[in-house]
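Trainee: The lines below spell out each chain.
There are 2 protein chains.
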Amino acid sequence: MTAPIDFYFDFSSPYGYLAAQRIEALGAAVGRAVVWRPFLLGVVFQETGSKPLNQIPLKGDYATRDFARMARRYGVPYVVPPDFPFHSVAPCRAFYSLCDQDPVAAKGLAKALYHAAFGTGRRVSKAEVVAEVAGEQGLDADAVRAALQAPAVKERLRNEVEAARAAGVFGSPFFIVEGEPFWGQDRLADLEAWIREGGW
Amino acid sequence: MTAPIDFYFDFSSPYGYLAAQRIEALGAAVGRAVVWRPFLLGVVFQETGSKPLNQIPLKGDYATRDFARMARRYGVPYVVPPDFPFHSVAPCRAFYSLCDQDPVAAKGLAKALYHAAFGTGRRVSKAEVVAEVAGEQGLDADAVRAALQAPAVKERLRNEVEAARAAGVFGSPFFIVEGEPFWGQDRLADLEAWIREGGW
Numbered sequence: 001m002t003a004p005i006d007f008y009f010d011f012s013s014p015y016g017y018l019a020a021q022r023i024e025a026l027g028a029a030v031g032r033a034v035v036w037r038p039f040l041l042g043v044v045f046q047e048t049g050s051k052p053l054n055q056i057p058l059k060g061d062y063a064t065r066d067f068a069r070m071a072r073r074y075g076v077p078y079v080v081p082p083d084f085p086f087h088s089v090a091p092c093r094a095f096y097s098l099c100d101q102d103p104v105a106a107k108g109l110a111k112a113l114y115h116a117a118f119g120t121g122r123r124v125s126k127a128e129v130v131a132e133v134a135g136e137q138g139l140d141a142d143a144v145r146a147a148l149q150a151p152a153v154k155e156r157l158r159n160e161v162e163a164a165r166a167a168g169v170f171g172s173p174f175f176i177v178e179g180e181p182f183w184g185q186d187r188l189a190d191l192e193a194w195i196r197e198g199g200w
Numbered sequence: 001m002t003a004p005i006d007f008y009f010d011f012s013s014p015y016g017y018l019a020a021q022r023i024e025a026l027g028a029a030v031g032r033a034v035v036w037r038p039f040l041l042g043v044v045f046q047e048t049g050s051k052p053l054n055q056i057p058l059k060g061d062y063a064t065r066d067f068a069r070m071a072r073r074y075g076v077p078y079v080v081p082p083d084f085p086f087h088s089v090a091p092c093r094a095f096y097s098l099c100d101q102d103p104v105a106a107k108g109l110a111k112a113l114y115h116a117a118f119g120t121g122r123r124v125s126k127a128e129v130v131a132e133v134a135g136e137q138g139l140d141a142d143a144v145r146a147a148l149q150a151p152a153v154k155e156r157l158r159n160e161v162e163a164a165r166a167a168g169v170f171g172s173p174f175f176i177v178e179g180e181p182f183w184g185q186d187r188l189a190d191l192e193a194w195i196r197e198g199g200w
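Note that the protein sequences, when read in sequence, are chains A and B. In this text, residue positions in the first sequence follow the working numbering: the first is 1, and each later residue adds one. In this text, residue positions in the second sequence follow the working numbering: the first is 1, and each later residue adds one.
Keep in mind the hints are simulated off the structure, nothing from the lab. There's no promise every hint is true.
[Stated by the list, open to error] One side of the interface only, derived from the structure: several residues of chain B facing chain A at Cβ under 8 Å:
1) Y62
2) A163
3) E192
4) R196
[Unchecked claim] Under 8 Å between C-beta atoms, here's a sample of chain B residues computed to sit facing chain A:
5) F45
6) E47
7) F67
8) R69
9) G179
10) P181
11) A189
12) G198
Model, not experiment: these values are computed from the prediction. Beta carbons: idealized from backbone N, C-alpha and C, even for Gly.
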């Protein structure tokens with residue numbers, strides 16, 4: 001059994017959204033499972049002294065333009081959510097409340113939440129919207145709403161954020177396979193080549 | 001006549017070095033001239049509040065690893081110069097002292113300076129090393145040494161740095177074609193696709 005690809009992302013990351021459209025096809029093409037691992041980029045930014053791309057002079061203007069143009073390149077719908085950059089605690093907790101019992105449903109919910117935010121501009125930072133999106137996915141909206149405040153789920157997210165930080169994750173999206181890190185949706189081709197070629 | 005590709009880079013940038021190996025082939029493939037425009041990234045960093053990649057927690061470790069592995073991927077020799085990250089005023093001035101009269105020689109000197117720094121670990125921040133490398137390229141080492149202190153050359157570099165900043169350049173390498181910006185050696189494929197496909 002070959003090692004999976006760990007896919008780290010923040011739900012508020014446009015580049016994470018773009019990567020989420022392509023990573024499963026990449027994993028299938030190279031025969032690797034993909035483990036989705038949402039985390040809170042803001043916590044890591046406290047360590048690196050970074051901040052959301054769109055708030056940095058010069059780089060912010062570029063990023064705003066690049067998000068939209070790369071979405072066009074890949075034929076993916078893209079809008080800037082009204083609360084962008086938003087807090088992604090609620091969607092993260094919803095994901096981790098499901099992922100152990102039903103990883104397929106959790107991944108489906110993650111995709112639906114990303115689409116809700118960046119495909120249609122809904123405020124997935126809000127617990128009520130997360131529950132709504134879960135319901136639309138055929139999940140139990142009430143159960144998801146309750147899970148957002150469950151101590152075990154809160155603890156799970158804290159542990160996942162710490163694990164991401166400990167693994168050296170400092171951006172979104174971020175991929176690790178066999179200990180090899182790749183940062184950015186623009187590194188998917190490198191990730192694929194690294195796996196196919198057995199490293200460089 | 002189609003618009004050229006402006007190629008902005010700092011001589012102290014490993015990713016700029018990697019891009020310098022590939023940009024001319026890309027330009028030839030899409031029928032575009034490439035205008036090499038070295039600048040001083042440190043001046044731009046004062047505006048964006050950024051600093052050299054290798055000095056940022058987490059991201060620095062990643063970058064150090066990534067520089068070397070991407071060089072291996074592309075089959076390019078790579079060492080970390082002893083003075084890295086180094087001041088690149090001298091190599092920039094040498095380039096601009098030549099580029100109007102002899103753009104081919106200036107481009108050849110830029111490639112040789114990049115190779116001296118990242119291919120063999122020489123200290124190209126030093127005027128004497130820049131003059132040596134120029135001599136090895138068949139240029140007049142004394143003339144280059146003198147040009148490094150010429151007021152007109154100093155002024156030219158100041159103007160080029162300001163032009164880069166005004167064009168929104170905030171990293172190295174950075175490419176602009178027909179007003180469309182691309183940041184990073186990992187965006188060369190996007191740059192090529194954008195030109196071939198007439199934008200997105």
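Trainee: Take the hints in turn and mark each one as holding or not.
Mentor: Status of the hints after comparison with the structure:
no. : hint : result
1   : Y62  : holds (6 Å)
2   : A163 : violated (14 Å)
3   : E192 : violated (12 Å)
4   : R196 : violated (12 Å)
5   : F45  : violated (10 Å)
6   : E47  : holds (6 Å)
7   : F67  : violated (12 Å)
8   : R69  : holds (6 Å)
9   : G179 : violated (11 Å)
10  : P181 : holds (6 Å)
11  : A189 : holds (7 Å)
12  : G198 : violated (12 Å)
The structure is inconsistent with the numbered hints 2, 3, 4, 5, 7, 9 and 12, although it conforms to all the rest.
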